Amino acid sequence: MRKHFFVLLLLLPLALAAQQYSLEQLVEHGLQHSYGMQSSGLSYESSLSSLSSAKWNLLPDASLNFGITGDFYHPDNPPKPDVSSQAGFSISKTISLNDDAWFNYRYAKLDAEKAKLSLETSASSYAYSVFSAYLDVLSTQSQLASLNRNLEIQTRVWERAQALNELGKNTGFDVKESEIAVMNARISIMQLENSIASKRSQLFGLVRMEDLGFELADLEPETGFEVPEYLPEQSNKVKLLKADLKRGELGLSQNFLSYFPRVSLAYNYGRGVSGKDFDFDIYNTNHTLSLNLSYSLWNQFKQGQSSKRSNLALRLAELEVRQQLEEIDRQYVNLRRELDYLQRLDELYTEKLAQAQTQINVGEERFRLGLIEILELDKVRVEYIDSEISYNNNRYQILARQEAINNLLSRQILGKW
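Per our numbering, the sequence shown runs over residues 1 to 417.
Each hint should be verified, as a subset may be incorrect.
List of simulated lysine-lysine pairs, BS3-like, C-alpha gap at most 25 Å [said to hold, decoys possible]: (1) 55 to 237; (2) 109 to 239; (3) 237 to 416; (4) 302 to 246; (5) 109 to 199; (6) 308 to 352; (7) 239 to 116; (8) 379 to 169; (9) 199 to 242; (10) 114 to 55; (11) 109 to 237; (12) 416 to 302; (13) 302 to 114; (14) 416 to 199; (15) 416 to 114; (16) 169 to 237; (17) 242 to 55; (18) 93 to 109; (19) 416 to 239; (20) 114 to 246.
If you are wondering where the hints come from, they were derived from the structure by calculation, not from laboratory data. Values in this document were obtained by computation on a predicted structure and should not be read as measured data.
Based on the sequences and whatever the hints tell you, model everything.
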């Protein structure tokens, strides 16, 4: 019996832990099941397939052939055999100055690199979206817990006001004021409960997971958080735009080569064997090397407009990179300023909360000694609850700004994603 008791005691923390959701659990589930991540994964696989095809297209063409010929009419003298056969293989490769296969490979390689980066960016952005929704629920739930305690206090004040009114020590106006305070507290709680339900629905819809109603594990701001060094070039958004820039530069190079005459060098090697009645006693080998030069009379006009479009696309890509860098710079400055402000505010809220707790301790002692009424003590408790709400909200805002900076600079969210 004692052995079973100790086993249950050891399993109790695990059972309690299982009755709540963690951010890591929700993010990992969402990364595997969300439509957005599945779409990004399929796009990445498609780009790898295109790259594989482009690599195969770089190889020389190689073919095997086998044939049988039946001749039913042969007026020659002496007559030819009725059946002849042949077999062989050939290898050929054409190389040109503006080789489509080579440029297609280069494009496919750039596209695969961009698709991989897009997949990583999608995962990080998705984790940040889940984190933001998760934190929003936590913040609202924290307010709800404080308001429930506030309702208890307001209800006691109302009941005390009713008792005093019966004794003739206050007026009906005082009772009505206390009743209105209780109604306001209930309204605030109902609004928060509705808000929590909506936000939880959005959160679990985002991760495509059934909400069983368990509590969310709390999150704390990173202590000793150091603002990352400002390196906008490391941002995945900038890298993706620069990938488009590289593709544009490659297209410009291809267009430049198109101004020149088309020069192609082709080599073909063939080896065959044939003979009558499947004897395969006649061998032949072919080597062919050819050089071809061609130039369209309208080439300058056609390529001129194509090059113009490529130049415009390249300039547009450069503008988007500069615009993104400036946007990151503005956001970084604003987020850092907000984080500094919230951290200074946290120091004040911490001190205010400690003082409010001290006031409660003093008030409880004075109430025990009969120096103050319960109404005065409850007022002190309400002030503490207000301080607690402000403190908790500010702490969640600090955590939100910390991870917003990490997301902006494409650093891992909470050091994991």
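Structure-based check of each hint:
no.	hint	result
1	55 to 237	violated, 28 Å
2	109 to 239	holds, 15 Å
3	237 to 416	holds, 19 Å
4	302 to 246	holds, 23 Å
5	109 to 199	violated, 42 Å
6	308 to 352	violated, 65 Å
7	239 to 116	holds, 11 Å
8	379 to 169	holds, 19 Å
9	199 to 242	violated, 36 Å
10	114 to 55	holds, 17 Å
11	109 to 237	holds, 19 Å
12	416 to 302	violated, 52 Å
13	302 to 114	violated, 30 Å
14	416 to 199	holds, 24 Å
15	416 to 114	holds, 22 Å
16	169 to 237	violated, 69 Å
17	242 to 55	holds, 24 Å
18	93 to 109	holds, 22 Å
19	416 to 239	holds, 21 Å
20	114 to 246	holds, 10 Å
In this structure, the earlier hints numbered 1, 5, 6, 9, 12, 13 and 16 are contradicted, and the remaining ones agree with it.
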